[in-house]
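Q: Go by the hints and put chains E, B, V, U and Y onto chain L.
6 protein chains.
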Amino acid sequence: MKGLKDIENIVIEKKRLLHSANHEEIVSGLTTDVYFLRTMDILQYMGLENQIVTAEIFARKSGVFAGIEEVKNILQDKNIEMWAINEGEIFQSKETLVRIKGSYKEFGIFETAILGALASSSGWATAAKNVKVACGEKTFLCFGARHVHPAVSSVMERAALIGGATGASCVLAAKLMNIEPSGTLPHAAMLIAGDTLKIARAYDEVMPDQHKRIVLVDTFKDEVEESLRIAEELGSKLYGIRLDTPSERGGVTSYLVMELRAKLDINGFGHVKIFVSGGLTPEKIRELSEAGADSFGVGSYISGAPAIDMTMDIKEVAGNPVAKRGRIPGLINNEKLHKII
Amino acid sequence: MKGLKDIENIVIEKKRLLHSANHEEIVSGLTTDVYFLRTMDILQYMGLENQIVTAEIFARKSGVFAGIEEVKNILQDKNIEMWAINEGEIFQSKETLVRIKGSYKEFGIFETAILGALASSSGWATAAKNVKVACGEKTFLCFGARHVHPAVSSVMERAALIGGATGASCVLAAKLMNIEPSGTLPHAAMLIAGDTLKIARAYDEVMPDQHKRIVLVDTFKDEVEESLRIAEELGSKLYGIRLDTPSERGGVTSYLVMELRAKLDINGFGHVKIFVSGGLTPEKIRELSEAGADSFGVGSYISGAPAIDMTMDIKEVAGNPVAKRGRIPGLINNEKLHKII
Amino acid sequence: MKGLKDIENIVIEKKRLLHSANHEEIVSGLTTDVYFLRTMDILQYMGLENQIVTAEIFARKSGVFAGIEEVKNILQDKNIEMWAINEGEIFQSKETLVRIKGSYKEFGIFETAILGALASSSGWATAAKNVKVACGEKTFLCFGARHVHPAVSSVMERAALIGGATGASCVLAAKLMNIEPSGTLPHAAMLIAGDTLKIARAYDEVMPDQHKRIVLVDTFKDEVEESLRIAEELGSKLYGIRLDTPSERGGVTSYLVMELRAKLDINGFGHVKIFVSGGLTPEKIRELSEAGADSFGVGSYISGAPAIDMTMDIKEVAGNPVAKRGRIPGLINNEKLHKII
Amino acid sequence: MKGLKDIENIVIEKKRLLHSANHEEIVSGLTTDVYFLRTMDILQYMGLENQIVTAEIFARKSGVFAGIEEVKNILQDKNIEMWAINEGEIFQSKETLVRIKGSYKEFGIFETAILGALASSSGWATAAKNVKVACGEKTFLCFGARHVHPAVSSVMERAALIGGATGASCVLAAKLMNIEPSGTLPHAAMLIAGDTLKIARAYDEVMPDQHKRIVLVDTFKDEVEESLRIAEELGSKLYGIRLDTPSERGGVTSYLVMELRAKLDINGFGHVKIFVSGGLTPEKIRELSEAGADSFGVGSYISGAPAIDMTMDIKEVAGNPVAKRGRIPGLINNEKLHKII
Amino acid sequence: MKGLKDIENIVIEKKRLLHSANHEEIVSGLTTDVYFLRTMDILQYMGLENQIVTAEIFARKSGVFAGIEEVKNILQDKNIEMWAINEGEIFQSKETLVRIKGSYKEFGIFETAILGALASSSGWATAAKNVKVACGEKTFLCFGARHVHPAVSSVMERAALIGGATGASCVLAAKLMNIEPSGTLPHAAMLIAGDTLKIARAYDEVMPDQHKRIVLVDTFKDEVEESLRIAEELGSKLYGIRLDTPSERGGVTSYLVMELRAKLDINGFGHVKIFVSGGLTPEKIRELSEAGADSFGVGSYISGAPAIDMTMDIKEVAGNPVAKRGRIPGLINNEKLHKII
Amino acid sequence: MKGLKDIENIVIEKKRLLHSANHEEIVSGLTTDVYFLRTMDILQYMGLENQIVTAEIFARKSGVFAGIEEVKNILQDKNIEMWAINEGEIFQSKETLVRIKGSYKEFGIFETAILGALASSSGWATAAKNVKVACGEKTFLCFGARHVHPAVSSVMERAALIGGATGASCVLAAKLMNIEPSGTLPHAAMLIAGDTLKIARAYDEVMPDQHKRIVLVDTFKDEVEESLRIAEELGSKLYGIRLDTPSERGGVTSYLVMELRAKLDINGFGHVKIFVSGGLTPEKIRELSEAGADSFGVGSYISGAPAIDMTMDIKEVAGNPVAKRGRIPGLINNEKLHKII
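Protein chains in written order, with the working numbering: chain L, 1 to 341; chain E, 1001 to 1341; chain B, 2001 to 2341; chain V, 3001 to 3341; chain U, 4001 to 4341; chain Y, 5001 to 5341.
Bear in mind the hints are in silico, worked out from the structure with no lab data behind them.
Bear in mind that the values here come from a model prediction, so they are computed numbers and not experimental data.
Beta carbons: idealized from backbone N, C-alpha and C, even for Gly.
Among these hints, one or two may not hold up.
The following label-pair restraints were derived from C-beta to C-beta distances [stated by the list, open to error]:
1) Glu5008/Y <-> Glu2335/B: 56 to 62 angstroms
2) Gln5044/Y <-> Ile2052/B: 50 to 56 angstroms
3) Glu2283/B <-> Glu3287/V: 42 to 48 angstroms
4) Glu1335/E <-> Glu2290/B: 21 to 27 angstroms
5) Glu3287/V <-> Lys1094/E: 34 to 40 angstroms
6) Ile2052/B <-> Pro3208/V: 28 to 34 angstroms
7) Lys3072/V <-> Asn267/L: 33 to 39 angstroms
8) Glu1335/E <-> Asn267/L: 48 to 54 angstroms
9) Ile3012/V <-> Glu4283/U: 52 to 58 angstroms
10) Glu5008/Y <-> Lys4015/U: 26 to 32 angstroms
11) Lys4094/U <-> Glu2283/B: 44 to 50 angstroms
12) Thr311/L <-> Glu2283/B: 43 to 49 angstroms
13) Val4011/U <-> Glu3287/V: 55 to 61 angstroms
Lysine-lysine pairs mimicking BS3-like chemistry, simulated, CA-CA at most 25 angstroms apart [said to hold, decoys possible]:
14) Lys2/L <-> Lys105/L
15) Lys4175/U <-> Lys5015/Y
16) Lys5138/Y <-> Lys5175/Y
17) Lys5014/Y <-> Lys4175/U
18) Lys5221/Y <-> Lys5237/Y
19) Lys2284/B <-> Lys1061/E
20) Lys1005/E <-> Lys237/L
Next up, chain L with everything else stripped away, as it sits in the complex (with noise of 0.2 angstroms):
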């Protein structure tokens, strides 16, 4: 896409499966904002297309940092220099994160691209983050790949491990970060077997050796008696229980998780780990780990956490410090920046 006349010349397929973006799409410049396109023309018009520019990005609130891969990836071809500060550093509201120097027909489309890639992973890995925090020692999974769209959920899932988690289930993020997914298994799986014992001992039997057991318990029966049954029937096999007691039970409280593991001890079944699920945030975190759980699954406040809002500004044309009304001019310089293309 270099302007206007490129828009007439695409055609989208009538068989096209889903309305996200393919790689290629993408990197041909297919999802900019048509004004970058208008103004391709209007630069060209004004003979000011090669034009030389530093352009800055900063946000307006600190996080950790990821994305920048891809940003990479789209602008590797490109005649720019690119500097930036590394995936998983923490950063300050107002710090130059990235910096673009070039001619402003080389990147100036690819600006809403740039911007949604960096701002959506730092959204994802800053919350990651906040749960690593309250997590301390313990292990976490992220669970949000259901609150968002397919195309995107090996990104955040990836951000998630950028930020602390520590596995990942979607399959693609799983590889992307060539490691190997993990999980347990789902409610649907219970309800199909019609009972949690059954499938726990089918589960059992499937399953390598050196496979972690964990088995949801509060399918069908009060969650303490469940989890007796299974770790019964397993024994030494079993490596945890996961407590996921939807809402309208009262949800997973830190009494149930001190009364499973207590009954789990009193009944010989010290080895077996406590895994928890459902609306969990970081202050929920620290109560029921303190209450005994040990490892955590955390959906919607990974997957929903607000994108942490991402500005590029020119900050200098022709070689001359310039800025719009409400910014100052000229370069914002910033130790952690090192050259990436």
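A: Leaving out everything else, chains E, B, V, U and Y in the frame of chain L:
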């Protein structure tokens, strides 16, 4: 993807540009959570993989329904029946929105993708509807693409159009909905040209006659002074002024809109519309609309709208009503449902 | 008790079982505050002990009047006249509720006992009335005896019946009101028997046919699972299920009531009533009633209701209006008063 | 009371004076809830009536322990063992306060009475402790008898003494604790005499020399003016002035205390103490104490203190740990427990 | 004062008594801000001193208009035209209240004085109007002179009369409005005489028959006791009692008013009015009026009322509409304006 | 003014320009409340007019003391003794600030004037002190004259100087304090000239060299753009820029100050100071000071500061301690007092 074995065969290309999933990856099940594959292996081991089940999807909050077209495409070749309410319909908490009947192995692994598609699109459409109600007869565009991953900016803008947005600035989204993309000019254009009047002149000369010329005025000068300079230059060809005063300068106040309207009118530019953007919410839109604004650009209120979390419950297995603890067993009827597969 | 000298003659038996006062102790004035005895000595010294006075009792808050029967019995043999409003009547702040006329020495030392009897009973009756309003046509029992001293549990349950309770579980209270005591079975019974079903069977066999069998189900198993086990065993003889889920497990939620109702109905037990208890307030009762609960057990909302403090003012001395600073001298008429002594 | 049959034999005398229970009624089990009698019949039918159980009592809030002497007397002739913490000890939430071991039939029907005795006395003692902390070295009396039923005013004053009150005005309570009752004079005395000075003179003449003369001054005149009249009359024999200004006149303010102190001192009555009452709370006591008040009379803050609800859980049956859902099975140790039966 | 040079000639007398400005000082421009003189010098240098301009005055809040008579007198000899709304009229936010047309040099330096006169008087008049609304048909006096500088106490009382006060106690203010000053007696009189009754007698003997005798009663004794002493002494000649109980003694409560009314009536003094003062606000007046108070003395609610800040904008220069940023250029019409110069 | 008779002789001139009181009127007692004159007549009638009394003045809040010079001048010729603390001293609630001893007839009628002078000046001085604390080493001017009556603008500015203001713009106030008046230029000057640059040039040419040129820049153009135009024109002669952005345009934000500072520095105008005004409070000043503002203009925070109400109590009559109810009789010592008359 049919089971855990298929995971081993997945290869991530070294040159992969982005972390988001392409259409074929989604439709092949690659974004599924690993526990659905594990469930498949276990059910097969138990001889239950062909069990006929009926699942229902509901939300815990009311909203505007969107995203079902993608769900239909994901499942179109499966041996199932599916019912749903229409895109754009308003739904209530706990209402049945989608019903799927068939062998669990046909659709089980898509639970995550289906819920994610519906939850995100319905969240965006609902926010857009709130904006629409605040606008009344006036128009608004969605300016939120810069806050979401580029893979889903087109999904978001499409959902905003379903919820009531007047147009789309994302080129791909506009094409998906078969309309022309719309928008103004970015601050970058002004900064490169160095003067708003200069670029307004070029913009006027480059664009075809029928194009509605809207000029962004807050880059360099007092907004009202700049507006009058532009209006005197473009005269009757100027369609509108866009105010986007940054928060550092107090944002766009209702008094600024009133003052601009008065000074445009006094100087004979009563035909020039006022378009505002910058941190708008339905409440702020009501206030600015009353002050005389004609049209609105809405960003993070739509892009950052929380997903409307969806739940898929198996409600019948082999024709018998079932439910997990906390839910009512059996189908829950909804007259708005109609068969789509 | 006539004066300070009588104090010297009081002997507390070594074997005294309880610190509460027996009827004869109260009626003889033993629970009076010492300053009333001192007053008697002084008035006698001044020759004022036969002064005819009129005293009036009022409350600073509105409520339901109760306790006057006890007051009447305490003063029945004295040489006085007394007027009062009826038990069960609603009164307003500052309304005259009782008027006593006679020589001060006849009733002065009973001021503390009289006010205490009225304040506590009226407080309990008022709370019970609030519960009654929330229940509408449905029934409720008072379960608060375990929060008050055993000397007054019968007083409290009687006041609750005056305020609108449907029955009393305290044996003495029921006998006082000439009705049969009612209630279910305690958790202790289930714990000793070790299984709810086992004890439900014995309960069914032991009780006469006309007894309404209500079984408490939250001791060992999931409430709904246990309810269905009991219902299948007792069939049409089961009158109701009692839910008393402890707060450690999230308490009784309105969703649990809805789920139990639905699953009882689906399984053919539409005749079984749902009885709930545990931290109920009028607001919570309204919510659970709407969800399908049929009857309620209310504890600390009634037992812990604040007493409605009563004030006794001398308003006439020797036929002349008097009052202390802050009060209006002379009698304050109330048409609801009628002569009871 | 051994079972349901015993209910039939209960006869309520026509001449019964009060609704409260006498000591023998309580000890015979007459105030029990009917479901404990029903439980006895069922357990006997099941052959479980001699089952040895251990029950423990705990509270959900912290407080000051009181009431155990009555519990000991109720159970003293039963074939059980009992352990408890001391009266007056501070306890924490969920701490084991009492443990009872024996055949359930020996103590089961007393659950209601035991919990009620502990809950109410501990509630009152805890409030009195809060007052004590606010008073520091200064003294206070409990004036709350007029807000509770006369059957328990002695129980309440005794609990207040355990919590830290300096004396008791209820004659019976004082005798129970083997101290002299204390207090001032009521407004009624002043109103009958018609002049505070006149009654103060008679009071002085009637009382023995060692009696501490305290005169209530707000009945007729300005409090300070009246205080000086009394002080001039009684001179060095006046021990203190009591301020009880009614809320209709603004209550007792800290400025009134300061003014009275100053004017007493200026007029040579520096030895006269200031005693205040009327709606006092710990916070108000701190303020008035700082202003110069020497002693306090506290009513509804103590009498209306919420009972500290107690729970009795069966934790062992025939030597095996048990618990209902929501609780941890087995005994919970507490080093403060000591054997009392 | 015409320019900076005139400043040099100003001499402050050594014997100057007060820091406030006398009338001639104000009218000569001596209280102007120095930048208006500087403006004069510059405009003259630019040859713009005779420019004809139109200025308008508006407020940002609604209120009652007052102070324009002084403005008229300040500008009466200038070569200008002036329009204004009437004193006592209610105005809305942003309404044009005054319009001045003429050569800027004629009135420019008076901007500060004009705005100050209007802002302060309108603030006081508005507060008085709020009191008037709360009083309904009853009367009130302004008692706020002790909280403002003596140079403006007459201005404040005059504004209060415009807003609705019934009379003025400030002698000068009364004379300005051509009425007789009114008021009661101060605490100082009572303290010097040493007894309220003694001074009430002298007051009665000294004053002419038609004078309405009102006696302040809270200096030494209980208010009600003192009131009855005075009423018995003065009989039908007593017009009213004034209650001013200090906050140290709880202030004047509505119960005190009720009690005084009742005791006056019982003792045959139904003709005696009750006048209250001390920290009154419209809300408190409503409460005391309902309790029976007949008239009110209002201090800091009026004297401390915030000035209603006024803004003077130049809206036309040489017949052309102008405005600074943030304002609408050109005259804003108001039908309530009429020509006063 | 000696008594009620003197009122009859007062004549208000028809041509009276203003409602405020001139110095002679105040000193002659014309602004007194009528009840002081009445008191004089009554005391004379009682033969008490020569009674020697001691009165003390205190405040109910802490603050900065001001206004005593005027009080001294009012009473200087009277036959009294007077002690006071110094102007500018900080005082606490209830501290004795002034003591006056003498025959009541000498100073009684001046109570209102004395309290008003002290209350208003101390209120203004206290607010100015709060501003001073917020400014730290930086300077501020009082801009509040337009919100108070012109008779007291000089009193207010003088009090602000006592509290810590750096200068006065009111000509009379400056002269009273023997300093040069200071300030910038009003919007009116800009509007008449039609261009800020034009008037800045004239201002520069007219003013003497040593004058600190400060130019107000928000009248017509963007504040930063205008500042740079002025700075380029006046160069090193420009002392400062004044920002006064109206609330309609978002007011002066800390970002605007930062931006202006940065752009002045970038363009070589590092010597130019930034002066801000418009709705400033101590909190806002702290924020803007941190952002780089160098000096402040404060209006309604000072002019609208509540008066610090003063109370004058007679504490000795003929050498004996007295007090009204609610106060402590006798003198209250204060080491800060020193004799001034």
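Q: Now look at each hint and say whether the structure bears it out.
A: Hints, one by one, checked against the model:
For the pair Glu5008/Y and Glu2335/B, the supplied restraint of 56 to 62 angstroms holds, since their beta-carbon distance comes to about 59 angstroms. Between Gln5044/Y and Ile2052/B the beta carbon distance is about 53 angstroms. The supplied range of 50 to 56 angstroms therefore holds. At roughly 35 angstroms, the beta-carbon separation of Glu2283/B and Glu3287/V lies outside the given 42 to 48 angstroms, and the hint is violated. One distance hint, 21 to 27 angstroms for the beta-carbon pair Glu1335/E and Glu2290/B, holds here, with the actual separation near 24 angstroms.
Take Glu3287/V and Lys1094/E: their Cβ atoms lie about 53 angstroms apart, and the range 34 to 40 angstroms is violated. About 30 angstroms separates the C-beta atoms of Ile2052/B and Pro3208/V, a value consistent with the hinted range of 28 to 34 angstroms. Checked against the hint of 33 to 39 angstroms, the pair Lys3072/V and Asn267/L passes, with Cβ atoms roughly 36 angstroms apart. Evaluation of the 48 to 54 angstroms hint for Glu1335/E and Asn267/L yields a pass: the beta carbon distance comes to about 50 angstroms.
Distance hint for Ile3012/V and Glu4283/U: a CB-CB separation of about 55 angstroms, consistent with the stated range 52 to 58 angstroms. One distance hint, 26 to 32 angstroms for the beta-carbon pair Glu5008/Y and Lys4015/U, holds here, with the actual separation near 30 angstroms. Look at Lys4094/U against Glu2283/B: about 46 angstroms separates their beta carbons, and that is inside 44 to 50 angstroms. Checked against the hint of 43 to 49 angstroms, the C-beta distance between Thr311/L and Glu2283/B comes to roughly 47 angstroms, which is consistent with it.
Between Val4011/U and Glu3287/V the beta carbon distance is about 56 angstroms. The supplied range of 55 to 61 angstroms therefore holds. With a C-alpha separation of about 8 angstroms, the suggested pairing of Lys2/L with Lys105/L holds against the 25 angstroms cut-off. Simply put, Lys4175/U and Lys5015/Y have alpha-carbon atoms about 14 angstroms apart, close enough for the 25 angstroms limit, and the pair holds. The suggested pairing of Lys5138/Y with Lys5175/Y holds, with an alpha-carbon distance near 23 angstroms, which does not exceed 25 angstroms.
For the suggested pair Lys5014/Y and Lys4175/U, the alpha carbons sit about 12 angstroms apart, so the restraint of at most 25 angstroms is met. Among the hinted pairs, Lys5221/Y with Lys5237/Y is consistent with the structure: their alpha-carbon atoms are about 22 angstroms apart, no more than 25 angstroms. A hinted pair counts as satisfied when its Cα atoms are at most 25 angstroms apart, and Lys2284/B with Lys1061/E qualifies at roughly 22 angstroms. The suggested pairing of Lys1005/E with Lys237/L holds, with an alpha-carbon distance near 22 angstroms, which does not exceed 25 angstroms.
In summary, the structure is inconsistent with hints 3 and 5 from the numbered list given earlier, while agreeing with the others.
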